[in-house]
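Student: Protein chains in written order, with the working numbering: chain A, 1 to 443; chain B, 1001 to 1443; chain C, 2001 to 2443; chain D, 3001 to 3443.
Please note that a few of the clues may not be correct.
To be verified - Some residues of chain A that are not near chain B, with every Cβ distance over 12 Å (derived):
hint	residue
1	Ser329
2	Val396
3	Gln436
4	Gly441
As the list claims (entries may be wrong) - List time: in silico BS3-like cross-link candidates among lysine-lysine, alpha-carbon distance up to 25 Å:
hint	chain 1	residue 1	chain 2	residue 2
5	C	Lys2372	B	Lys1372
6	D	Lys3108	D	Lys3268
7	A	Lys174	B	Lys1372
8	D	Lys3268	A	Lys268
9	A	Lys108	A	Lys268
10	A	Lys199	B	Lys1372
11	B	Lys1372	D	Lys3372
Everything labelled a hint here was simulated from the structure, so no lab data went into it.
Note that the structure is predicted; figures quoted are calculated from it, not measured.
Using N, Cα and C, we set each Cβ at its ideal position, and we do this for glycine too.
What follows is the residue order along each chain.
Number of protein chains: 4
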Amino acid sequence: MEPTAKGMDTYTIGKFAVVGGGSTYTPELLDGFIAHQDEIRVETISLYDIHPQRLAIVGGLAQRMFRRAELATRIELHQELAPALEGSSFVLSQIRVGLMAARIIDEKIPLSHGVLGQETVGAGGLANALRTIPESLRIAEEVGRHAPDAWFLNFTNPSSIITQALIQHGGLGKVVGLCNVPINSQRSLANLLGVGEQKLWLDWIGLNHLGWIRDVLVDGRSRISEVLDLLQKSPDEEAHSRFPFELGLFESLQMVPTYYLRYYYTTKQTIQEVLSAGKTRGEVVAEIENELLTRYKDPHLDVKPPELNQRGGALYSEAAFRLMFSLLSDRRDVQILIVRNDGAIPELPADASVEIPCVVGAAGPVPIARGKLPPSTRPLFEAVKTSESLCIEAAVQGSRRLARLSMLANPLVPGYEAAESITDELLQAHRVYLPQFFEKGSV
Amino acid sequence: MEPTAKGMDTYTIGKFAVVGGGSTYTPELLDGFIAHQDEIRVETISLYDIHPQRLAIVGGLAQRMFRRAELATRIELHQELAPALEGSSFVLSQIRVGLMAARIIDEKIPLSHGVLGQETVGAGGLANALRTIPESLRIAEEVGRHAPDAWFLNFTNPSSIITQALIQHGGLGKVVGLCNVPINSQRSLANLLGVGEQKLWLDWIGLNHLGWIRDVLVDGRSRISEVLDLLQKSPDEEAHSRFPFELGLFESLQMVPTYYLRYYYTTKQTIQEVLSAGKTRGEVVAEIENELLTRYKDPHLDVKPPELNQRGGALYSEAAFRLMFSLLSDRRDVQILIVRNDGAIPELPADASVEIPCVVGAAGPVPIARGKLPPSTRPLFEAVKTSESLCIEAAVQGSRRLARLSMLANPLVPGYEAAESITDELLQAHRVYLPQFFEKGSV
Amino acid sequence: MEPTAKGMDTYTIGKFAVVGGGSTYTPELLDGFIAHQDEIRVETISLYDIHPQRLAIVGGLAQRMFRRAELATRIELHQELAPALEGSSFVLSQIRVGLMAARIIDEKIPLSHGVLGQETVGAGGLANALRTIPESLRIAEEVGRHAPDAWFLNFTNPSSIITQALIQHGGLGKVVGLCNVPINSQRSLANLLGVGEQKLWLDWIGLNHLGWIRDVLVDGRSRISEVLDLLQKSPDEEAHSRFPFELGLFESLQMVPTYYLRYYYTTKQTIQEVLSAGKTRGEVVAEIENELLTRYKDPHLDVKPPELNQRGGALYSEAAFRLMFSLLSDRRDVQILIVRNDGAIPELPADASVEIPCVVGAAGPVPIARGKLPPSTRPLFEAVKTSESLCIEAAVQGSRRLARLSMLANPLVPGYEAAESITDELLQAHRVYLPQFFEKGSV
Amino acid sequence: MEPTAKGMDTYTIGKFAVVGGGSTYTPELLDGFIAHQDEIRVETISLYDIHPQRLAIVGGLAQRMFRRAELATRIELHQELAPALEGSSFVLSQIRVGLMAARIIDEKIPLSHGVLGQETVGAGGLANALRTIPESLRIAEEVGRHAPDAWFLNFTNPSSIITQALIQHGGLGKVVGLCNVPINSQRSLANLLGVGEQKLWLDWIGLNHLGWIRDVLVDGRSRISEVLDLLQKSPDEEAHSRFPFELGLFESLQMVPTYYLRYYYTTKQTIQEVLSAGKTRGEVVAEIENELLTRYKDPHLDVKPPELNQRGGALYSEAAFRLMFSLLSDRRDVQILIVRNDGAIPELPADASVEIPCVVGAAGPVPIARGKLPPSTRPLFEAVKTSESLCIEAAVQGSRRLARLSMLANPLVPGYEAAESITDELLQAHRVYLPQFFEKGSV
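Just chain A, same shape as in the assembly:
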C-alpha cells in the first residue's frame, strides 16, 4: 500500500471467498492478507475448488501461514459453491476451466496452423474464454443468490472477456476485473525515471492485455519523451523485458505500448520464440505447478515459498489489496482497472469492458473520460473488442458461426480458413466443456 494509507483505520472483512481457491496463486493472496493486516482484517477466508487434492494442499498451507502470522482468520475449504459464497462480502474468482491440460491445447492447436496460441490473446484466449464464460456466469448467478452485496473481483483469464461477460450477462452490479500488468508497468516506469511509484500518473488507455500509455506524468509534467528515450538506452533489464519493443515503434506511436502488444506488433518473432522454445508456456507452468504443489505439501512450510515468483503473478495480491482498501475506505484514489466502459472511451460500446484509470470509492470504480482514441490504436481496439464481444455471444448462444466470426475478427488469426479450422478443432478438443455448441439446432 502507498504511504498515505499509513495511520488510517483498519477495516474488517467478515468473509472473503476465493473461487478457484486451490490455485497455486492462492498463497500469494494469503500472504497479502498477512502483510496488510494493519489495513484489512479478514475473519473468514473461504476457499472453493472442484479439485479436492489441490484444495487440501493449499488449504493446509493457508492454515499454517495464518497460524505463523498469529492471525485468528478462519480458513474454510469448500467443494460446494453455495456454502463457500454464503454471506461473503468479497468474492475473488481465479478459475481455470480444464486446468493446464486445456490451456496446452489452446496453445497447440493454433500453433499447428502457424498461429499464436496463448492463454489470453488470439485464438487461444478465445478458446479459453469459450470454456470459461459459462462457468463464470454460473458462479455469478450463485453470488447473486448467496452473496448479493459482495464485490466480485475477477482475476480469471482472459479477464477482458470474462469481465465483460459478467457485466453483460452476470446480473451483478459490483464486478471489477483486475490484472497485474498496470501495477507492474507503473512500478517499472517509476524505477526507470527514478521517482516514487506514487508520483507517476499513467495516461493509460486499453482493454485488458491491450494497453497503451499515452503519457507519463510526474508532478503534472509530461515525461513521455524521456521514457521513450530511456526505454532504448537505459541498462534497466526489467524495463526492457516489460516493454520489449524497438525504437522505431516507440517513435512512431509516441506512446508506450504495454507488454502484451508484442503479440500484435511483433507477431512473427513471438510465434518464432514459442516454436523455438520447444515447450509452450502452459507446459512450463504445468511443471512449475507440480513443483509448487509438492512444496506446498511440506508440513513445515508456513510462509509463501519464493518459488511462487516464477509462476508469474507479481504484485497480483498488491493490486487486489489496493482495490479492496479503496472500496472499504471510500478512498477515491485512481487505479487502473477493468470496468464497464460507460462512455469513457467513446468509440466503444457502453457495456464493453475496458482497462482504464478509475476513481475508486466505496461505491466502486468510476472510469475517467479518456476522450477520443489516438488513430493508431483504433484498429487494434476495434478488432480485439469485436472479437471479444462476438466470443461472448458465441459462448452464451452456443453458436459455432459466431465463434468462427470471433476468430476471424481477431487480428492474430490470418484469414477465414485459419479461423474456421482453428475454431472447429478447438471446439472439438474441448467438447466436454462446451456442450452448448453440440446441442441439436445450434448454428
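Knowing the structure of chain A, use the given hints to seat chains B, C and D on it.
Tutor: Below, chains B, C and D without anything else, positioned relative to chain A:
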C-alpha cells in the same frame, strides 16, 4: 481544506495575478491566502483593474490584511495587463464588463418583456456573455504571451459560457472554470444528513448553473431517497433555500436539482419574485458594493469585514484553494469543476464546457465519465448548451443573427418575437461594449 | 401521382383494411382508390370501427361511391378487429380514442392553465398519445397475428409518437407513419416558385409536426434565399398561411420552418388566437363532423362531398397512394415519411421516429442520411423527442411519474407546477381510457 | 442505361475534361459518349496528359471514333492543366503517378517482405496513394480556379483514399468517387438470380474495394440465402470469379463479401497466387498497355478495340454515364458511389469517404443511412479507414512517422517491423514523387 491535507507540505506560488482585482470579492480571496498559509504561500499578489479607485481601495485593504497576518506577501497594483500577468503561475479572472450598471440593464430589458433577466442564466446571462467574451479572450491572449505556463482560473460569469469560450478560442491549455454552487451544495447536503462533508460523494452532472445531483453516496451507499425526503421534512432552512423545489419535482426527477434550476422549473414564480422585489439583484448588489467599498476604505480595517458575506460568494475562495492545492500537490482528489467535456457527457460536443466531477492532479482536472444523461435532463442540457455555443459564435463573429438564434434557443426566452426584441435592445444598450456587432458587413 | 408513373403497370391489392374506418376522412381515401384505379386496384376494402353508426354511414357511402365508379371493389364492414384484418396486405390506422369529446378535453385542460392544448403538439398531444398508444399497440398485435405481412400505415395522431410506439413496442417490421404536411409544403413552395412540384427537392429534417426545410433545390440549385424572400413579399395567400412566420425568423434561421413550428416560435400569439376564437378546433371539427355525417347519410350522395375539404386533410390520400404505389412497384423514389431513425439524424436514438426523406422501394422506406443537425434546431428536436419518448414509456408502464416528466420536458409546458397539474387533471379526465395509471402499485 | 431513361430528354455537356486523358482506358469512355448520345451530348472533350505520346495516340483514336460515329464533338488535347479545365462542367480524373513502372514497385517491395502488393489495397495501395494525393490536390486546386462549378468524378486509384483526400483537403464541394465493382457485382448477381439488373436492390455497405452486400432484394423480398446458395452451387463461372469465397465464409458472414475482400479473407492464397504467377499484375498490364497503344496507333482503327476488355475496366464508362445522367436530369435514382460519409455509417467520421447507395439528383449524391455496422465487418472497416486516413495525413504533412503508422494500421501488413521496412523502402524508391518526405524537418 480537508483533514487529509494536514501534515502535508507547504507549496509556494511565486506570483498570483487577479484580473478584476478591484472587485469587492477580492478580500474573500485574500482572506483565503491568510487562512491557508500553511498549505500555500504566495510571494506576490498582483491586482489588475481598469478602475483605478476600486483598485486603490481594495489594494490598500489587501496590504493591511497581509500586514496584520504578518505575511511577507507583496501586493502589486496594476492598470496595465502585461506587467500584471508577467511571470504569474496562477491567473484568476473575475471581471464584470460594464460593472453593475450593465448588469442592471441585463436584468431590466428582458423583464420589460416579461422575461427573466439574470446575471448568468437566460437573456441576461447571454447579454453578459456577449460583452465579456471578447474581453476574456483578450486577457487569455495576454496570458498566453506573458504567463504561458499559468493556470487560468475563471470565476467570471457566466462561467459556463466564458470557460467554453476560453477553451474554444482562448488558445490556452490550462483553463478551469470555478463556481461555489457545488461546494455549497455539498456542504448543505452533508449538514442535512449529519455527516462530514468529505464523506459525501455527489454524482453531479451539469453545466455551470444547470446541475443535477443524481445520487448522494455516503460510504458508497445511496442516500438519495433520504435526501429527497429530508429536503421536504427537515427544518433545515439553509437546505430549503438552497434547494427550493417542491415534493412533486423531487419525486418525479428522483434527483436533486440544484439552485439555479429554479429559473427553469419555477419560471413564473421567479419572475414574480423579481418583479415584486421592486429592485433587481443588480440594484441591491450595487448598494452593497458601495457600502463595502466605503467600509474597505477605512484605514483601520485590516480583516475581511463580515458584511462581505451578504455579497453572495460563500466558499468562493475555499473552492479556489482546494483547486490550487490539488494542482500544486498533485493530489488527485475529486472536485466538481467547469472543464472541457471530452466525452464525459457523451451527448455534448467534446469542446463544450461542462460542470462535473474531475480528478485533479498537477496536470489539471480530468473529468470522470458520466455515462448517458437521464432523459429528463436532456432538453435543458441541450437547449442551454446550444444557446451558450451560439452565443460564443455570435460574440466572436459579431453576428446579430447568431445572437438572436442564441436567445431563441434559450429555454427562458419564449418565442421568436421576444428573442428578436430582447436581443436588439440589449445590443443597442450595450453598444459601446459590442463594437463588433455594429461594424459594416456584420450580419 | 407524378407523370413518370404513367404507362406503368397496374398493381392489385387483395385486401385493404382501414382501422377507424368510420372516420369522416374515409371518403377522401376511397376517392383516392377511384382516382388511382389505373395504378392500383383493390379487391376488398375492409372498414373496421367500434362505432356502429359511423361505420354504417361511411360504409354506405363507400358502396355508392364504388358503384358509381363502376369498380368491383368489395366493401366489408367490421366491428371485430380479427376478421377485419385477416389477410390484408395493407392496414391503414386512423383512430381517435375518445373521439372529439376527448380531444376537446385535451384542448381545454391545458388552456385553463394558460398552456396550449392541441391534438398533436404540447400537453394536448401528449394526452392524446397516452390514450392512443395502448390501443395502437393492441391493433399492432392483432395485425401481427392476422396480417403479419401487411404494411401498417399510420395516420393516427400524434403520428410522431404513435409511429415510434409501434416501432419500439409494436413487434411489426413494416410500419410507416404518414402526414400530409410534407406533401402540402412541397406543393405550396412549388407554386410559390412557379415550378412543377416534382422539380423540387426539399432538404427536410424533422419529427412529425416539427419540421424544417434546410434548402429548396430546383434542378440541383439552391433556391432557399428566393423562397425566404417570396414568403415575405409574394401575394400568395396559401403560402403565407402555410408558413405563417415573420421575416426576422426566416432570416435568422436561414431555413423554412414548417407550419406546426408556429406553436413553438409564436407561442403567445397562437394561445391568444385559440382563446379569442371562443371555440377550440375540436369543437369546430365536432360540428363539421356532424354535418359531414349527415351529408354522408344522403342515399343520393355517391361522390366525396366538397365539404370534406374543410375537415383539414388535404392531400392525405395522395400521400397514401404515393407511398403505396412505390411499395407495390419497387419504385425507389424519394418521399418524406415518418420512419425509424436508424442514424439518419445522428443526434437522435436509432429507434426514434423521425420525419425525413426516404427512398421507397418494395422493401419499404430507407431514410437518407441527414448529417448533423443545424444548432438552431437542436433544442426543439431534443425537447420534443425526449417528451415523446418519455410519453411512450409512461403509457406502456402506466407511470404517472414519467407522464409528468414527459409533460415537463415539453417545450410548450412552462415549469413543473403546470406539468404536474395538467398531467394529473388530464389523467383524471381520461381515466376510463387509462386504467394502467390507476392500478395498484403504479407510480 | 436503364429502360426508364428511354424517351427522356437529351442533355448537353459543354465541355468534359479528362485528366489523365492519355490513359488506355480513355477509348472506353469515348465509346460511352457515342453509345449514350441519345441521353448526353458533349460539345468538347478535353484530354489532358503529361505524357505527349500517349496523348497523341489516344487523341488520334478519339477523333477517328467520333468521326465514324458522325458526332460533332470537338476533341482537344492539352499538356497544360489550366486550359484543359477552363470552363468544363465535368472533370474526370484517371491519373496514375509514375505509370506502370511505379505500380510495379508498389507490388514488388511489399512482396519481397512476404506482404501483398497491390494497386489499391494493402501496402501497395498506400504507396500509390502517397504519390497520388499531392497531384490530385493540385488538380483539385486548378479545378477550383478554372472550373469551379464542375463535377469532379474521381476514377483515380486508390479511389477510397483519393476521394477522401479530395473531400478533406480539395476545397471542392462537388466530388464523387466512382468504381466499377458495384455495377459489376449488381449485374453478376442479377444474372445469377435470373432477374433484370434493375430489379435488384443491393444493401451494400463499404469503403471502396472493401464492400459487403448485406442483402439482395428483389421486389422487396430478401434473396440473400438463395444467393449464398447459388454462389456455391451454380455453374456460373463469372459469379464464382467475382465472389471467390468458400461456403463457410458465406455461411458465417450471412452476407456476400465483394471481390477485393479476398485479399483480407484469403490473404495467404492471394499472396501465393501472385508469387506463383511469376509476373505481377502491373507487369502484365504494362504489356497489355503497350499492345493497346500500338493498336490505338493504327490509323484505320476507329472503334474501341475488343482487346481493351482485357485491361479490366468493365462497365467503367457505364458507371460514369449513369452518374452523369442523374446529375444532369435530377433523376434521384439510387447508385452506389464513393462519397462523404456524413453519418450514413455512424461508426465512421463524417468526412470519411464511404462507398454506399446514394440518391443522385442534380445537387449530387446524398447517402442513404445504413444504421449500425454488422459486428463482423467492424474490424476491417476500422483498420482500413484508419490506415487510409493516416495515409492522407502522412501525404499532406510529408510525415514518415504517419506513413509508418498508416502501414502499421493496415490489416495486410503484419507487425511493426514490416510496416517500417516497407514504408521506408517505398518512400526511397518513389523519392522523386515524394519530395515532401525528404524536406528538412519532416518527421
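Student: Now look at each hint and say whether the structure bears it out.
Tutor: Verification of the hints:
{"no.": "1", "hint": "Ser329", "in the structure": "9 Å, violated"}
{"no.": "2", "hint": "Val396", "in the structure": "24 Å, holds"}
{"no.": "3", "hint": "Gln436", "in the structure": "32 Å, holds"}
{"no.": "4", "hint": "Gly441", "in the structure": "36 Å, holds"}
{"no.": "5", "hint": "C/Lys2372 x B/Lys1372", "in the structure": "19 Å, holds"}
{"no.": "6", "hint": "D/Lys3108 x D/Lys3268", "in the structure": "16 Å, holds"}
{"no.": "7", "hint": "A/Lys174 x B/Lys1372", "in the structure": "19 Å, holds"}
{"no.": "8", "hint": "D/Lys3268 x A/Lys268", "in the structure": "15 Å, holds"}
{"no.": "9", "hint": "A/Lys108 x A/Lys268", "in the structure": "16 Å, holds"}
{"no.": "10", "hint": "A/Lys199 x B/Lys1372", "in the structure": "33 Å, violated"}
{"no.": "11", "hint": "B/Lys1372 x D/Lys3372", "in the structure": "19 Å, holds"}
Hints 1 and 10 from the earlier list are contradicted by this structure; the remaining hints agree with it.
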